[in-house]
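Asks: One-letter residues, chain by chain:
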Amino acid sequence: MLRFAAVLLEIWLLPLPAMAARYPSYGTLQTTKSDGVLNVVINNTYSTINLFDMHVQSDLANLIETLQANDTDVRVVVFSKSVLPLYDTGFPDMLFPVALLWNITQLPQATIAVVEGRTRGIGNEFLMSCDMRFASTSPLRGAMYLSRLIGRGLTFEYVLSSADVDARTAARVGWVNAAFDTSRELHQYVQALAARIALFPAAGIVATKTGINAVTRPSRDVLVQDAQNVIAALVPTPPVQDAFKRFLQVTRNQSIGPMELNYGAEVRRLFN
Amino acid sequence: MLRFAAVLLEIWLLPLPAMAARYPSYGTLQTTKSDGVLNVVINNTYSTINLFDMHVQSDLANLIETLQANDTDVRVVVFSKSVLPLYDTGFPDMLFPVALLWNITQLPQATIAVVEGRTRGIGNEFLMSCDMRFASTSPLRGAMYLSRLIGRGLTFEYVLSSADVDARTAARVGWVNAAFDTSRELHQYVQALAARIALFPAAGIVATKTGINAVTRPSRDVLVQDAQNVIAALVPTPPVQDAFKRFLQVTRNQSIGPMELNYGAEVRRLFN
Amino acid sequence: MLRFAAVLLEIWLLPLPAMAARYPSYGTLQTTKSDGVLNVVINNTYSTINLFDMHVQSDLANLIETLQANDTDVRVVVFSKSVLPLYDTGFPDMLFPVALLWNITQLPQATIAVVEGRTRGIGNEFLMSCDMRFASTSPLRGAMYLSRLIGRGLTFEYVLSSADVDARTAARVGWVNAAFDTSRELHQYVQALAARIALFPAAGIVATKTGINAVTRPSRDVLVQDAQNVIAALVPTPPVQDAFKRFLQVTRNQSIGPMELNYGAEVRRLFN
Chain C
1 MLRFAAVLLE IWLLPLPAMA ARYPSYGTLQ TTKSDGVLNV VINNTYSTIN
51 LFDMHVQSDL ANLIETLQAN DTDVRVVVFS KSVLPLYDTG FPDMLFPVAL
101 LWNITQLPQA TIAVVEGRTR GIGNEFLMSC DMRFASTSPL RGAMYLSRLI
151 GRGLTFEYVL SSADVDARTA ARVGWVNAAF DTSRELHQYV QALAARIALF
201 PAAGIVATKT GINAVTRPSR DVLVQDAQNV IAALVPTPPV QDAFKRFLQV
251 TRNQSIGPME LNYGAEVRRL FN
Chain R
1 MLRFAAVLLE IWLLPLPAMA ARYPSYGTLQ TTKSDGVLNV VINNTYSTIN
51 LFDMHVQSDL ANLIETLQAN DTDVRVVVFS KSVLPLYDTG FPDMLFPVAL
101 LWNITQLPQA TIAVVEGRTR GIGNEFLMSC DMRFASTSPL RGAMYLSRLI
151 GRGLTFEYVL SSADVDARTA ARVGWVNAAF DTSRELHQYV QALAARIALF
201 PAAGIVATKT GINAVTRPSR DVLVQDAQNV IAALVPTPPV QDAFKRFLQV
251 TRNQSIGPME LNYGAEVRRL FN
Chain P
1 MLRFAAVLLE IWLLPLPAMA ARYPSYGTLQ TTKSDGVLNV VINNTYSTIN
51 LFDMHVQSDL ANLIETLQAN DTDVRVVVFS KSVLPLYDTG FPDMLFPVAL
101 LWNITQLPQA TIAVVEGRTR GIGNEFLMSC DMRFASTSPL RGAMYLSRLI
151 GRGLTFEYVL SSADVDARTA ARVGWVNAAF DTSRELHQYV QALAARIALF
201 PAAGIVATKT GINAVTRPSR DVLVQDAQNV IAALVPTPPV QDAFKRFLQV
251 TRNQSIGPME LNYGAEVRRL FN
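Respectively, the protein sequence lines represent chains C, R and P.
Numbering-wise (our numbering), the first sequence opens with residue 1 and increments by one.
Numbering-wise (our numbering), the second sequence opens with residue 1 and increments by one.
Numbering-wise (our numbering), the third sequence opens with residue 1 and increments by one.
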């Protein structure tokens, strides 16, 4: 069992150069492909805290375009990363990430997010846009799309209080599919699941996703209107701009520090 | 910890007269305000069982109008009560409570319901209309809006069987956010949560609520049509009118007694 | 307690001939009626594995037509069966089962499914169409309607991996209302629940179901379009037809064997 896991992790961490032609290692994405499963490690070398910023988002948009036109060769995509924190406050187009996340839900492949480390804001919305989520010991902080998974009551509590939620609690309430004590167990479970799903024909995966999306996904119009009404209307306002400025000061331009490592407790420093 | 809780409870129970100008103690609502949090104790002196009747609903409608026009001074509202039982069978306008509950979901403030004691019928719909719910040892009995929180299957079971559900079970299935063993722990948790949420700017709370409502709340049309199709069509029918009459007899006009204290077990007395 | 359960089971298993005039024992359905509760045992004598095939579906359609025109005499319907496995691959009209399942959600009676044994594919969709579900030790395999009960994340995991899920896990995530260790406890709980619901007037049951359906059920159009877009578009394709052919070979025309008893593990034999 342990040996098997070790082999899996090794495969996991080694990009296969032969595949680079079709699924290249972008600046921020390292890809490896094997038996219908594409593993994508998000590693933002432009940021000390692996920010889900315009570099990651642009690279993801390119990858998704390739996957969307996929010839059924890849049937499962596993996204992983050590940390995926806050939204890049300097991103120019508010609707770009909304379109990106919608396009992820439209992929013909099954998508799995592996969470190891802090995942907040747009980083968490990215998790929500994947079909499934698995975590080891990670603090998660929700944003609006969370409500599709855990319901109104808990979403209001977690988002309004801007609390960091541990992976075990997240699994109990349905935020992630399951939580694991160790990184090894996490990757072993996810790789076995991905291999299992990849057994099935691509057409079956597409049909299943279409059916589940038809019942559980808000319409694209709702999401775009939501982004326009809420985010676009909120972000330019003085209190939010003030909080952003203070945030950049306190975090020394989004680098490692108390605010990044313990956002839940430190956030009050932004408002007094 | 215990000392802190004791102080909290003291604050909790004392209305601040200085605030009466803007948030008056209505006949059935006692209000206290502190650091962006408005605590509202529902205490219906017209009823021996704290009925959620026309007095409470009218006072709430006035309070909500004030809150709706709020100048961002109040950012969190905590509603509490010892018991909040059945619907007032004599209420003249079926659509008034529907509009009232909808308006609560529209408030710019975060709303938290604290449940201590029996909560049933329209009393439970009021809980559902708040953003979050926390309970200590309380029997709850569901009504239709419950399905938004706990799903079709359990809602059918609880509502069709008219069962009293304990707070611990309610927390496990998502009916309330969390259940606590003691009143002290309950209030301590809620006051800390309210204080945390009140840290954030009012605009952020509004935007978060707008976003979550967009995805999780049925449209106003669905709710109004539902009330017209179901409640308004049902209430005037002979079997419901007969059950109401028998209910008033058995409860001695909705006073304390076996039916009120143990509705789940006693309800069969209405039908044979 | 045990004696009471024994009596219940006895009633359960004996069809009452006197009732046959209105609720006949169809070829595949054995019915017994008592105090407003109709018990329906699905026993497909045309199939060695109790297939949810055209015989069962036709008999159910007839029963549902009778129940739909019910004179309020029957207020609760309990469906049970030992096993209810895969979809009949030879069924001529893809939209017939969609209409059948929709009509079950429209019944004026409360409907309860009792699960004992393997329940997969259309058999699970039948479970989903009932108001409530209770299980003892049974492997369940989900299909698309599952998402209404357990959310996007877990539905994707279970359906895409085509995994058999045990009843205990199913209860934890909301797939079934509750799981029981023994058949006796299961039937005892369900019969007590059915008797409790049958206490209430038929008009109240109808109104409750209408209200919950209004909020939690996808529209008929969504379901029909879903069936047309997904199932009707998928089933005639070569990979699905190939998988069906292989499935019939491997299962020796859907009879008892390793594939039937352990579908989750054996399914890979269909694809390599």
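The hints are simulated quantities; they were obtained by calculation from the structure and are not laboratory data.
Treat each hint with caution, since some may be false.
[As the list claims (entries may be wrong)] Stretch by stretch, here's where chain C covers chain R in the computed footprint (C-beta under 8 Å, at least three residues):
hint, stretch
1, 127-139
2, 172-184
3, 188-198
4, 208-219
[As the list claims (entries may be wrong)] Stretches of chain C that chain P covers, calculated by requiring three or more beta carbons in the stretch to come under 8 Å of a beta carbon on chain P:
hint, stretch
5, 172-181
6, 186-198
7, 211-220
8, 233-243
On a predicted model such as this, the values are computed, not experimentally measured, just so you know.
Yeah, the Cβ is synthetic: ideal placement off N, Cα and C, and Gly gets one too.
Asks: With reference to the structure, classify each hint as holding or not holding.
Replies: Results for each hint:
Counting residues of the stretch 127-139 of chain R whose C-beta sits closer than 8 Å to any C-beta of chain C gives 3, which meets the bar of three, so the coverage hint holds. Note: the stretch 172-184 of chain R has 3 residues with beta-carbon separation from chain C under 8 Å; the three-residue rule is met and the coverage holds. Only residues whose C-beta sits within less than 8 Å of a C-beta in chain C count toward coverage, and the stretch 188-198 of chain R has 3 of them, enough to reach three; the restraint holds. For the stretch 208-219 of chain R, the stated coverage by chain C is satisfied: 9 residues place a CB nearer than 8 Å to a CB of that chain, which reaches the threshold of 3.
Counting residues of the stretch 172-181 of chain C whose beta carbon lies closer than 8 Å to any beta carbon of chain P gives 3, which meets the minimum of three for the stated coverage. Counting residues of the stretch 186-198 of chain C whose beta-carbon sits less than 8 Å from any beta-carbon of chain P gives 3, enough to reach three: the coverage restraint holds. Look at the stretch 211-220 of chain C against chain P: 6 of its residues bring a Cβ nearer than 8 Å to a Cβ of that chain, three or more, so the hint holds. Counting residues of the stretch 233-243 of chain C whose CB falls under 8 Å from any CB of chain P gives 0; the rule of at least 3 is not met.
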